[in-house]
Structure formats: structure tokens, C-alpha cells
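Chains as they are written, first to last, in the numbering used here: chain G, 1 to 174; chain B, 1 to 174.
Hints are computed from structural coordinates only; laboratory data are not their basis.
A few of these clues could be false.
A pair counts as met if it fits within one copy or between any two copies, since identical chains are not told apart.
What the hints assert, rightly or not - For lysine-lysine, the following DSS-like pairs were computed, each having C-alpha atoms within a straight-line distance of at most 25 Å: (1) LYS56 x LYS169; (2) LYS95 x LYS23; (3) LYS124 x LYS169; (4) LYS70 x LYS24; (5) LYS131 x LYS55.
Since the structure is predicted, the reported quantities are computational estimates derived from the model, not experimental observations.
Protein chains: 2
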Amino acid sequence: MKRNGFCIWLTGLSGAGKTTISKKLIERFKEERFIEAMDGDEIRKGLSRDLGFSKKDRNEHNRRVIFCTKLLVRNGVIVNVALISPYRETRAFAKTEIPNMMEVFVKAPLDVCIERDPKGLYEKALAGEIKQFTGIDDPYEEPLEPDLIVETHKETVDESVDKIIAKAKELGYL
Amino acid sequence: MKRNGFCIWLTGLSGAGKTTISKKLIERFKEERFIEAMDGDEIRKGLSRDLGFSKKDRNEHNRRVIFCTKLLVRNGVIVNVALISPYRETRAFAKTEIPNMMEVFVKAPLDVCIERDPKGLYEKALAGEIKQFTGIDDPYEEPLEPDLIVETHKETVDESVDKIIAKAKELGYL
């Protein structure tokens with residue numbers, strides 16, 4: 001059985017727009033392809049109830065997401081991973097594990113993300129109620145050679161999604 | 001996108017024949033369908049490096065396998081789970097989580113399994129080198145109402161596989 005699965009790995013700060021882009025990608029593909037979003041609470045609950053947000057725990061959570069993603073992709077599924085995934089090492093590991101993975105840097109300046117604050121998390125982090133929050137008191141290591149950069153403070157969601165689809169075609173995944 | 005995924009959940013003692021049946025199922029389906037085996041070391045390494053074989057750890061490992069299986073099945077994949085999965089509670093939870101799951105009890109008497117001992121694990125368990133080994137010093141809770149029983153000491157692998165495929169058709173999964 002052959003059909004190309006591939007992975008769109010969205011990395012970027014909280015509030016950069018990963019989930020918004022992921023939802024739109026699903027809308028675009030869901031009629032014709034199997035597509036799965038690796039995003040948010042369902043994944044945490046299903047795979048990593050035991051883990052918190054320390055560097056060690058994030059890395060382990062990301063490893064488990066990578067494993068699930070690998071299984072889905074090799075079975076013909078399109079997987080949108082929407083994870084802050086702040087560490088270069090984790091994303092490099094993902095690239096070695098997941099077939100057909102494109103790394104998309106969802107980029108927006110920190111002050112824009114703080115202004116958006118869709119989940120109210122920056123407010124809590126800035127008040128010290130959440131520790132080790134990426135961009136505040138934990139680093140975000142920007143991708144050095146992503147397959148694509150989308151700048152969500154300069155382009156619409158549809159523009160970002162169009163760029164991602166064009167890149168997937170260019171890479172031979174679609 | 002529509003295509004029935006489903007899950008063939010093989011439960012039974014170590015040495016009962018789960019992996020053998022799973023391999024044969026993959027041979028039968030691989031040309032026409034995406035099919036994935038949830039079996040053995042790759043799964044442990046990918047999802048549960050942190051876990052051992054206590055009841056608590058097994059349950060957590062099985063929960064993670066259930067989550068991955070759910071994602072695969074809802075994306076049209078056939079998943080063979082080959083796990084001792086000794087506890088009724090875990091298998092009942094799997095049934096609530098995984099769409100189109102059939103529970104297959106891979107049955108063979110304990111003395112036959114000990115005789116086969118494909119991984120040499122019974123020898124170690126009987127010598128006390130492995131603790132909490134299912135069937136020796138940890139219980140195996142037989143399914144009360146499995147969808148199917150295959151008795152590997154009375155039938156060939158192909159007979160078991162034919163029965164599984166017939167049951168999948170009867171349940172409307174194929």
C-alpha cells in the first residue's frame with residue numbers, strides 16, 4: 001500500500017499562530033486525505049500524564065509525539081505537529097525519525113505573542129505564576145535552517161497555509 | 001476521507017502466539033492496506049523508556065499504546081496490537097477508546113507456553129530472575145467475552161488468521 005504521508009512540523013513561540021495554521025490546514029485537506037493534528041491537551045493526556053514542563057520532561061514528551069507521528073506518517077497520514085518544541089536538538093531528532101518531515105518556523109516577535117496571549121499564559125508567566133515558560137524564563141532556540149518560515153504578523157493565515165502547501169509540493173510530498 | 005480503520009487486539013500469555021499471528025496478518029494485508037503492528041521493543045522504546053513491568057507501569061504503557069492505536073485507527077489504518085495485556089480493566093478501557101476494536105484471546109495452556117518459551121523468559125521467571133511475570137507470579141485475567149478465541153495449540157497459524165479475518169468481516173470492519 002503506497003501513499004505519501006508527511007509531517008508539517010510547526011515550531012514557534014506560544015501565540016505565534018501554530019494552532020490557527022494547523023486548524024486551517026486540516027480544513028484544506030480533510031475531504032481528500034487522512035490528516036491528524038498533534039496539538040495540545042489530548043496529546044498530553046494520552047501520552048504524557050506523568051510529565052511537566054521542565055526541559056527533561058518536554059524532551060521526553062516530544063520524543064513520544066515523534067514516535068506517534070512516525071507511525072502515522074509511515075501509514076500514509078498527513079500529520080501537523082503544533083508544538084513550541086523550543087530545542088534544536090529535539091527538532092533535529094524528529095527529522096531523523098520521521099519520514100518526509102518539513103520544519104516550518106512559525107515566527108512572530110515575542111511582544112506580538114505577548115499581546116495576543118491567546119491562552120493567558122504569558123500573563124501568568126510574567127507574574128511568575130508559571131515557571132520555565134518559553135520566551136520568558138526558558139529559551140526558544142530559533143531554527144537555523146527551517147524548510148520554511150511563515151511570519152504571522154506580516155501575512156494572513158491563508159497566505160501562510162498556501163506557502164506551506166506550495167513547499168510540500170516542492171519537496172515532493174504532495 | 002473515509003476508510004475503515006480497525007484494531008485487532010491480541011491478548012494472551014507470553015508464548016501464546018500473538019506475534020506469530022500478527023506477522024501473518026501483516027503479510028496478508030500489506031499489499032492492499034496500511035497496517036501497523038503494536039508489538040515489542042520498538043513500542044517500548046518509543047513510548048515508555050521510563051517504565052518497567054509493575055502493574056502500574058504496564059497499565060501506563062498500555063494506555064499510551066491505546067492512544068497511538070486510536071490515532072492510527074481513526075486515520076484508516078489496521079492496527080494489530082500484540083500485548084499480553086493481562087488486566088481486564090485495561091482491555092475494557094481500550095474498547096472505550098479505540099474505534100472498531102476486536103478483542104482476540106490468543107489462548108494456549110500455560111504449560112504449552114512454557115514449553116515453547118520463544119524468548120527464554122519463562123526459564124528466567126521460573127528461576128526467579130524476572131519478577132512479576134504474567135502466568136508465573138503475576139495474574140493473567142482471561143477475557144470473559146472476547147470477540148474471538150483462537151487456540152494456538154489446536155489450530156495452525158493460517159487457521160487462526162482466517163478466523164480473525166472472518167470475524168472482522170462479520171463485524172463490518174472489512
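Hint check results:
For the homomeric pair LYS56 and LYS169, neither the shortest alpha-carbon distance inside one copy (35 Å) nor that between copies (45 Å) is at most 25 Å. Taking the closest pair of Cα atoms, LYS95 and LYS23 come within 25 Å of each other only inside a single copy of the chain (23 Å); across copies the shortest separation is 28 Å, beyond that limit. Taking the shortest Cα distances, LYS124 and LYS169 never come within 25 Å of each other, neither inside one copy (40 Å) nor across copies (53 Å). Taking the closest pair of Cα atoms, LYS70 and LYS24 come within 25 Å of each other both inside a single copy (22 Å) and across two copies (23 Å).
For the identical chains of this complex, LYS131 and LYS55 are intra-copy neighbours only, at 12 Å inside a copy versus 33 Å across copies, given an alpha-carbon limit of 25 Å.
Going through the hint list in order, the structure does not satisfy hints 1, 3.
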